[in-house]
Amino acid sequence: MTVNLPYLVLIPALPLAGVLVSLLLGDRLGKRGTAFVGCGVVLAAFALALRAVVHLAGMPEGARAIQEVAWRWMQVGDFTIDVGFLLDPLSAVMVLVVTGVGFLIHVYSVGYMAHDRSFRRFFLYLNLFMFSMLTLVLAENFVVMFVGWEGVGLCSYLLIGFWYERPSAAQAGMKAFIVNRIGDFGFLLGMFTLFVGAKTLQYTTLFGAAPHVFAIGSTAIVAATLLLFLGATGKSAQIPLYTWLPDAMEGPTPVSALIHAATMVTAGVYMVARCHVLFELAPVSMEVVAVIGALTALFAATIGLAQNDIKRVLAYSTVSQLGYMFMACGVGAFSAGIFHLMTHAFFKALLFLGAGSVIHALSDEQDLRRMGGLANRLPWTHRTMLVGTIAIAGIPPLAGFFSKDEILHGAFASGHYGIWLAGLVGAVLTAFYMFRLYILAFRGKSRLTHEAEHHLHESPPTMIVPLVVLAILSIVGGWVGPPLVANNPFHHWLAPVFESGAHAASAGAGAGAAAHEVGGTTEILLILASVAGALLGIFFAFRAYLQQPQLATRLQQRFAGPYRAFLNKYWVDELYDSTVVRPVRRLSEALWRFWDEKVVDGIVNGVGYTLEGVSAVLRLFQTGFVGTYALFFTVGVLALFLYFVRHVR
Amino acid sequence: MIPVGWSLALSAALFTIGVVGVLVRRNAIVIFMSVELMLNAGNLAFVAFARSMGSIDGQVFVFFVMTVAAAEVAIGLALIVNLFRLRESVFVDEINLLKG
Chain P
285 MTVNLPYLVL IPALPLAGVL VSLLLGDRLG KRGTAFVGCG VVLAAFALAL RAVVHLAGMP
345 EGARAIQEVA WRWMQVGDFT IDVGFLLDPL SAVMVLVVTG VGFLIHVYSV GYMAHDRSFR
405 RFFLYLNLFM FSMLTLVLAE NFVVMFVGWE GVGLCSYLLI GFWYERPSAA QAGMKAFIVN
465 RIGDFGFLLG MFTLFVGAKT LQYTTLFGAA PHVFAIGSTA IVAATLLLFL GATGKSAQIP
525 LYTWLPDAME GPTPVSALIH AATMVTAGVY MVARCHVLFE LAPVSMEVVA VIGALTALFA
585 ATIGLAQNDI KRVLAYSTVS QLGYMFMACG VGAFSAGIFH LMTHAFFKAL LFLGAGSVIH
645 ALSDEQDLRR MGGLANRLPW THRTMLVGTI AIAGIPPLAG FFSKDEILHG AFASGHYGIW
705 LAGLVGAVLT AFYMFRLYIL AFRGKSRLTH EAEHHLHESP PTMIVPLVVL AILSIVGGWV
765 GPPLVANNPF HHWLAPVFES GAHAASAGAG AGAAAHEVGG TTEILLILAS VAGALLGIFF
825 AFRAYLQQPQ LATRLQQRFA GPYRAFLNKY WVDELYDSTV VRPVRRLSEA LWRFWDEKVV
885 DGIVNGVGYT LEGVSAVLRL FQTGFVGTYA LFFTVGVLAL FLYFVRHVR
Chain V
137 MIPVGWSLAL SAALFTIGVV GVLVRRNAIV IFMSVELMLN AGNLAFVAFA RSMGSIDGQV
197 FVFFVMTVAA AEVAIGLALI VNLFRLRESV FVDEINLLKG
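Residue numbers (the numbering used here), protein chains in the order written: chain P, 285 to 933; chain V, 137 to 236.
For the record, the hints were derived by calculation from the structure and aren't laboratory data.
Small disclaimer: the values here were computed from a predicted structure and weren't measured.
We put the CB at the ideal spot given by N, CA and C, even for glycine.
Treat the hints loosely; a few may be bogus.
Derived, one-sided and incomplete: chain V residues facing chain P with beta-carbon distance under 10 Å [said to hold, decoys possible]:
id : residue
1  : 158
2  : 228
3  : 233
4  : 234
5  : 235
6  : 236
Between beta-carbon pairs, the in silico distance windows are [to be verified]:
id : chain 1 : residue 1 : chain 2 : residue 2 : range
7  : V       : 190       : P       : 927       : 18 to 24 Å
8  : V       : 145       : P       : 891       : 50 to 56 Å
9  : V       : 202       : P       : 927       : 29 to 35 Å
Sample of chain V residues at the chain P side, in silico, Cβ under 8 Å [what the hints assert, rightly or not]:
id : residue
10 : 155
11 : 159
12 : 229
13 : 232
One chain only, chain V, in its complex shape (with noise of 0.2 Å):
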């Protein structure tokens, strides 16, 4: 069997290329992509510890991430498609209309 530690290695790994990724990319559709790594980062860490702990419950959050992912793809990239309609663009660093 794989040591847990290996699976937590990959999780956050996953997850340091997620964050780096929405940090780093223009393209909005690319940050969503990077949003997504870091949820399935997280899911994988839930996983691992679920199963070196002989746990059901760990398994069961990831169901309940994916669909909050689910809805989360769902209506970002409905706000993306509108924000490419509008500004034909969909780089966030062109878009500062909040700017303060």
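For reference, chain P alone in the conformation it holds in the complex (with noise of 0.2 Å):
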């Protein structure tokens, strides 16, 4: 059924209207008027959204779908795009975290961003950030999606240099945005792909014709498949293009947590999800996202481990976390992924601004090697950042547990045991990563520097609350998902999103992906797995760095080799710089130096030296004399007068 609800579209035009006003008014809003109109959209917007998913709630459970077109786009021939939206389970659980953290995260910024001098133009930003975002999450065609997924692609390039005086901030956001161009192109490549197919991409049009249009694992759908997936992993920081997000913390760290934390880079595995029916028909495509999903989670994992720069360990976690998302979408579990995704957006955001909190009170110190012993003079980062700590090493009841549990689940009932194995030493290493984060920062001794030590203080109500609240999140957010129980509230409400995909794929193939049933004894002997191995990632941390820190050092000197391949992150930007970067950079500068210097160039000035040398022959006519003209001008006439007399008659 499809109720036209007026507001639908209001949910991202509200931040786009704080964009505007932002712009109209510019600097008489004051900064007080700036952080109210910034904040105060994006509540609204989230107040709206929970209207709209109530309402959706409250719909007939197979029925649950609300459409609403607010303007026709464009239209060629049959072809049209609306510029429509979708709200269903999916886009409901997205469009509430979206809102719901970015408010948070706009509140915090308050405090956090309050000594900037751009401090309008921030959230300016995050507004207009909030708007694509939305579109895209809401979007009910490819096209609009598009939109969004460009305008975050720009937005996260904005704020990444937000502060463009420093050279790495500028570099860093053009990195983030060509490197997501790279991947943009497959999305569009993948689009094209699945019109030519289908002849729409109107998402429910083009979900119901796949089964009939493509043939299972036909050329055509994997191709498609595998091009919208290059494009998530562009924007999901996944391999191979997954080198923007750890230098994408150059930005101011509310950033880092709202988009390359909770919410834009998620948007390649919502976009996955989204697309599932897809993806269900072209198992080579599903086979590549588990595997590159689950190569991420353990190579990201192990960069992880080296690194000192606080929010690169948060950002490599990330890139695997999002590694997880993908792995579960790979082997068929996609409210697994969906599931992780909301509660990493919670414990992630939490951890880094945490992370921020830590920043502001020593003045802006990011390395862990100059923190330690924090846990009591920063109380409440230190509370908070713990309980994000241990929800994001999968420590039951927090949130981190029962999701990831869920996709290790997934994979090991689905008979991929090798990716379950590379999950389950992936939640090994977030464990021990990231309690060597927390151990590095808040116990010890203190290893600050005499200028961080002076100035020492806890932060402002406006960014410890909405730690808080994330932190109260973390814990509570896992539990719409236990495990063990058939048919948990969490999957029951995506499931008339999957399950009709799941239908049509196995209606069109006969055998889908039916999912080897797991008795309720694995079941529970995987939970023991999963919860041995992150106390044991614990336990090792602990170890290394709290009760011998000489043990870290040993070990850094008895694993040399590995040791610096991670600290210098494999060398894989070196890689690209060597292999992709610097060939392209010679390749145009030659291109610049012989067709715009020489060609372009070349004609340009070429009209105007030929200019040049007739008006210097010309002008020698123009000798300023009366007389002179005269005689042309009695010269011109004689000769027009014997021409009539000779020739017309």
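Two chains, two frames, a set of hints: combine them into the complex.
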């Protein structure tokens, strides 16, 4: 049933209104006004989203979808694109996470950015980002989604390079933008492939028609899904396009929390989940998604082991956790992936904001080696960070445990034992590097510089309150999807979205993605394994960094080779630099020197020189003497006269 | 009656004198007078044709030409007076400000 709700379009429109107000009124708003408008529009969007989701929940289960067409965007022949919005259980989860976590981060930013002279610009970009992100998740066709997709990319660029006076920040912004463009190129090609096959880009029509149009495993659908996935690897920082995310930490910390942890980077996961019908038609692509996800999860986790910058540890952790989400999608456990997306948004936003609070307190110190012993000095930051750390490590009953366990369970149940093992090892590493971060920052002896020690202070309430709220969410956020329950509430909520596809696929395939059923005992064993893994990681972290600090150094010396590889991020940046960046640069330079300077400039300058030469001759006739002109005039008239007399009758 | 050819010959002679005057003289006022001479050569041709063809049209044209010539003289003399005030000279070969 499609109900025409006029307010769905308002959800993305509200942050846009915030942008316009900020642009039109400018600095007349003042700091308080800017903060009020910036946070207010997001809160209003959250309230509206909540209202819409409540409405959605009140609808009969099988028909939970609100579709709304704001206006017709373009029409070419029988191809039309509407600016339309779709609220179904999947986009409902996304829109609540985006507006909810987004609002908390906006509030936090009021405190964090209080002393920045570009306060207004910051909130303007944040609101613009919210607009784009909400467009992305609420779109009802690929084209509108692409508008949001590009919008968030732009805002990401603007916000990473927010402190553009710093060359490294400007560089990081450009890197993020260019790497994302590579992914976007894949996304566009994927869209075109789908359109060629199905003649529509509207979700409901396309997904309904897909099983009939595309044969299972046909080249077209495999190509389309792999291209879409390329887009996802760009946006969601997966191998091979993940390198921009760690550099993106140059941006202000609330940006890292909002864009590079909770919302934008999950867009790829959302897109894959949204297109699950298509991916289920292409088993090869599913395998690719799962393997890339698992590889990224492990790969990024190992890099995270050796980083010393507090934000970079979290960045690699984000890459790794996004790998988990793709892993889940790849093995067909889409709702587990979305579940992890949600819990991750809570605890990773919390961790980033906590890290921001630490950085703020230490006068912009980000190096873990110059922290330590902050537990008593920053009590609230410490408590909330501890909650976040436990949550991401996967200790019950905190949020991370439930979602990660569900992913591992999904991998195991679908028979992907290798991927399950990779996920388990990744979980141990996650627990280890997160507790390493926690211990280095908050426990042990203080290694603060004198300067930082002097200015040390707990953050203001505008920063602490969002931390506390997020900490509570990180604790209870997982309870909506308990394990061992056959059809837990979260699954049940998403079931209409994900099961329709499974049906369609199995109807087309005959076999489909029928998962092996795993007995209750096995599930309990799996849970025990993952909890044991997490505890193992935590134990080692305490051992190596708190009880026997020399152990960490010894291990570093013992495994010098791997350690150097982790510390230098496997030299992937250097590899890309020498294989892609520098050749492209050289090519561009050659083109610039030859094509631009010689050919293009040559043509333009040639026209100029020619005119100059011709006029140098012509100006000789322009003597300025009336007599000369009269003479020419007379000669001309005589010539005409003679001509007419001779030739014209 | 004087044949029309004679009148036209006189007109052509006057016109040529006017042209040569414009081309060879330096004094702006003399150039002006030469221009007047050319105009009146034209008038003479008009009148001669009007008479030989028995039509009044040519004579009417002459009135127009005289009006235009009067206006032209008024503007032209004003220009020359101003020119003299500025440059203390009415010789056109000393004035070439618009040289390219």
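These are the hints, each one checked on the structure:
Taken as an interface hint, residue 158 of chain V checks out: its beta carbon lies about 5 Å from the nearest beta carbon of chain P, inside 10 Å. Against a cut-off of 10 Å between C-beta atoms, the interface hint on residue 228 of chain V holds, since the closest Cβ of chain P lies about 5 Å away. For residue 233 of chain V, the shortest C-beta to C-beta distance to chain P is roughly 6 Å, which falls under 10 Å, so the interface hint holds. With a least beta-carbon distance of about 5 Å to chain P, the hint placing residue 234 of chain V at the interface is held under the 10 Å criterion.
Using the Cβ-Cβ criterion of 10 Å, the hint placing residue 235 of chain V at the interface with chain P is satisfied: the shortest such distance is roughly 3 Å. Interface restraint check: residue 236 of chain V against chain P, minimum CB-CB distance 3 Å, threshold 10 Å, status holds. Taking 18 to 24 Å as the suggested C-beta distance range, the pair residue 190 of chain V and residue 927 of chain P does not conform, at roughly 32 Å. Range check, residue 145 of chain V to residue 891 of chain P: Cβ separation about 54 Å, and the 50 to 56 Å hint holds.
Between residue 202 of chain V and residue 927 of chain P the C-beta distance comes to about 31 Å, which sits within the given range of 29 to 35 Å. Against a cut-off of 8 Å between C-beta atoms, the interface hint on residue 155 of chain V holds, since the closest Cβ of chain P lies about 6 Å away. Restraint check, residue 159 of chain V versus chain P: the minimum CB separation of about 6 Å is within 8 Å; hint holds. With a cut of 8 Å, the hint placing residue 229 of chain V at the interface with chain P holds, because the nearest CB-to-CB distance is about 6 Å.
Proximity of residue 232 of chain V to chain P holds as hinted, the smallest CB-CB distance being about 3 Å (cut-off 8 Å).
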